[in-house]
Amino acid sequence: MIMSRLTSLKRVLLFGWTNFKRARESSWITVLVIAVVIFLVSALFLLNGLSQAVINQVQERVSIAAYFQRGTAVSEIAVIRDDLKDHFGDQIQDIKIVSPEEALSHFLDRYRGDPLYQRALEQVGENPFLASLDITLGEVHLYAEVADYLTQHHADILSKVDYHHREDVIERVFNTTSRIQWFGVVAALLLTVLVVLIAFSSIRVSIHAARSEIETMKLVGASSWFIKAPFVVQGMVSGLFAALLVILIILPASYFLTPSVESLVPGFNLWEYLSENIVWLLAIQIIGALFLGFISTLLAVQRYLKK
Amino acid sequence: MIKFDQVSKLYSNSCLALDNINLEIKQGEFVTIVGKSGAGKTTLIKLLIREELPTEGQVYFDGQSVLEMNRRQICQLRQRIGVVYQDYKLLPQQTVYGNVAYVLSVIGASDSEIERDVPRVLEIVGLADKTDDFPHQLSGGEKQRLAIARALIHQPEVIMADEPSGNLDPYNTWDIIEVLNKIHQMGTTVVVATHDKDVIAQTEGRVIALNQGRIIRDDYQTRNFVF
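Keeping their order, the protein sequence lines are chains A and B.
Residue numbering for the first sequence follows our numbering, starting at 6 and increasing by one per position.
Residue numbering for the second sequence follows our numbering, starting at 221 and increasing by one per position.
Any given hint could be a false lead.
Pairwise CB distance ranges (calculated) [stated by the list, open to error]:
hint, chain 1, residue 1, chain 2, residue 2, range
1, A, 18, B, 424, 23 to 31 angstroms
2, B, 296, A, 10, 14 to 22 angstroms
3, B, 356, A, 8, 31 to 39 angstroms
4, B, 417, A, 10, 29 to 37 angstroms
Taking lysine-lysine pairs in the DSS-like style, the calculated list, with each CA pair at most 27 angstroms apart, reads [what the hints assert, rightly or not]:
hint, chain 1, residue 1, chain 2, residue 2
5, B, 417, B, 402
6, B, 223, A, 223
7, B, 350, B, 402
8, A, 311, B, 266
9, B, 246, B, 266
10, B, 266, A, 223
11, A, 165, A, 90
12, A, 223, B, 417
13, B, 350, A, 26
14, B, 350, A, 15
15, A, 223, A, 311
16, B, 223, B, 246
17, B, 402, B, 246
18, B, 246, A, 223
19, B, 246, B, 417
20, B, 417, B, 350
21, B, 256, B, 266
22, B, 417, B, 266
23, B, 223, B, 402
24, A, 101, A, 90
25, B, 417, B, 256
Derived by calculation from the structure, the hints in this document are not laboratory data.
Backbone N, C-alpha and C fix where the C-beta goes; we use that ideal spot for every residue, glycine too.
The whole structure should be built from the sequences, with the hints applied where relevant.
Now the structure itself:
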């Protein structure tokens, strides 16, 4: 029994492979159609990494500053920093103490060569900057919470929190990035559905061409499984070739495009991102291609078996 | 072995292909069904292998109603009947060898049985030197012989040939009928549907004449059969 099942399986695999080789034209059309789908999904995967990097960079630039009264020691500010870390945990992406001297140095660096600011500083005569905490958070609603927490618990040494001045800007940045993310997800889903449907239709057309063959197989007494399995194997072989084709395009293309992408989005290394996620990408490509080949041929053949 | 009990077949275009057919074919018989085009010969074959369903009546194979068979039983029925189709119905992606071997694969024959039997049958039908050719590379006569090889490779209990001389020259027709006669002599039930008088003249046994879906004559072979 096991031997006959194995023989049957071996024959199905052999028929599938032979059919793939013999129906050269339609096989390669199927390979190309599946390859387009897989290429698109892979490109969306890489674009997701790119857009995430851009969004992170934009969000990282959004921060609030808590200014402390003149004369507040850095050690006191460090206590508040640790308190915030304890209270908000991982939600704080970055927090750093900026001493009055560092603030002055940043100011001088930024307006070097601008006599107006230089003169204004000279007139003040002393360092006008206050020590501060620069805080970057992952979620937009946390900025208000942190600002409230600081004013409620550390009002004694706090001078001001500049969140309320930046509230609109922060919300706009976060809303825009979250809208971009949603748009990306919806566009990717729609595009994927569209190309999957195109792939389904073109595979259905190639199976339609084999309908008289399916009819003959039925008439000589072949079981449904014995008829559809070689077509499904043929579809999966097409999927495997499609995945291979896309991998052969994506890998060298990513390698050569990395410098150009990095110049457009500083800090995003495409090749590094690809290397870090290669297992996922290969899994998506190979499993996706096999599944697409499997399900589309199965559904197409099933249609003619029912008749 | 085969029984048509009050069978009628009305196609959707209101064409009455068979009209109240009562027919019994015994095991080991050589039956020639004759009639003009459209007399209902092909429909009779289609009903037996359940390619079509009758509008009325019952069709039996080996005592079992063909209409009441499930999918698995239909596959088994088709494996027990070898059919030579008028339009050959060959598998275009398979070679001559592959077309014949496919039927053996369907019934679960072992690799060694396939390697042993296929060349033998191709030798019998005279296609031993065409094993690697594809159907589109064969002539009409070769396709017909390949269809016969495929129908008899698994030694079915019944062989049905629908217009086996269609598109063949007299020499090839004689060849094909000789092969069918040999199969019959080995004990297989053979049913030939034809409108070709030369074929009728070359066959021995029972002749059933159909006209407009009705049996008008059921007799044993006479050389000058008129229908």
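Status of each hint after checking the structure:
1. Remark: the range hint 23 to 31 angstroms for residue 18 of chain A to residue 424 of chain B is contradicted by a beta-carbon distance near 46 angstroms.
2. Evaluation of the 14 to 22 angstroms hint for residue 296 of chain B and residue 10 of chain A yields a pass: the beta carbon distance comes to about 18 angstroms.
3. A hinted range of 31 to 39 angstroms holds for the C-beta pair residue 356 of chain B and residue 8 of chain A, which are about 36 angstroms apart.
4. One distance hint, 29 to 37 angstroms for the beta-carbon pair residue 417 of chain B and residue 10 of chain A, is violated here, with the actual separation near 50 angstroms.
5. Simply put, residue 417 of chain B and residue 402 of chain B have alpha-carbon atoms about 20 angstroms apart, close enough for the 27 angstroms limit, and the pair holds.
6. Taken as a hint, the residue 223 of chain B and residue 223 of chain A pair is honoured in the structure, with Cα atoms around 23 angstroms apart against an allowance of 27 angstroms.
7. Restraint check for residue 350 of chain B and residue 402 of chain B: satisfied, since their Cα atoms lie roughly 22 angstroms apart, inside the 27 angstroms limit.
8. A distance of roughly 17 angstroms separates the Cα atoms of residue 311 of chain A and residue 266 of chain B; the hinted pair therefore holds under the 27 angstroms criterion.
9. For the hint pairing residue 246 of chain B with residue 266 of chain B, the CA-to-CA distance comes to about 19 angstroms; that is within 27 angstroms, so the pair holds.
10. Restraint check: the Cα-Cα separation between residue 266 of chain B and residue 223 of chain A comes to about 13 angstroms, which is no more than 27 angstroms; the hinted pair holds.
11. A hinted pair counts as satisfied when its Cα atoms are at most 27 angstroms apart, and residue 165 of chain A with residue 90 of chain A qualifies at roughly 19 angstroms.
12. Proposed proximity of residue 223 of chain A and residue 417 of chain B is contradicted: the alpha carbons are some 32 angstroms apart, above 27 angstroms.
13. Taken as a hint, the residue 350 of chain B and residue 26 of chain A pair is honoured in the structure, with Cα atoms around 20 angstroms apart against an allowance of 27 angstroms.
14. The hinted pair formed by residue 350 of chain B and residue 15 of chain A meets the criterion: a straight-line CA distance of about 25 angstroms does not exceed 27 angstroms.
15. Under the criterion of a C-alpha separation no larger than 27 angstroms, the hint pairing residue 223 of chain A with residue 311 of chain A is consistent with the structure, at around 11 angstroms.
16. Distance check on the hinted pair: residue 223 of chain B and residue 246 of chain B sit about 9 angstroms apart at the alpha-carbon level, within 27 angstroms; holds.
17. At roughly 18 angstroms between alpha-carbon atoms, residue 402 of chain B and residue 246 of chain B fall within 27 angstroms of each other, so this suggested pair holds.
18. For the hint linking residue 246 of chain B to residue 223 of chain A, the alpha-carbon distance of about 26 angstroms falls within 27 angstroms, and the restraint holds.
19. Among the hinted pairs, residue 246 of chain B with residue 417 of chain B is consistent with the structure: their alpha-carbon atoms are about 24 angstroms apart, no more than 27 angstroms.
20. Simply put, residue 417 of chain B and residue 350 of chain B have alpha-carbon atoms about 30 angstroms apart, too far for the 27 angstroms limit, and the pair is violated.
21. Taking the CA atoms of residue 256 of chain B and residue 266 of chain B, the gap is near 17 angstroms; set against the 27 angstroms cutoff, the hint holds.
22. The hinted pair formed by residue 417 of chain B and residue 266 of chain B meets the criterion: a straight-line CA distance of about 23 angstroms does not exceed 27 angstroms.
23. For the proposed pair residue 223 of chain B and residue 402 of chain B, the alpha carbon gap of about 24 angstroms is at most 27 angstroms, so the pair holds.
24. A C-alpha spacing of about 11 angstroms is found between residue 101 of chain A and residue 90 of chain A, which places the hinted pair at or below 27 angstroms, so the restraint holds.
25. Distance check on the hinted pair: residue 417 of chain B and residue 256 of chain B sit about 11 angstroms apart at the alpha-carbon level, within 27 angstroms; holds.
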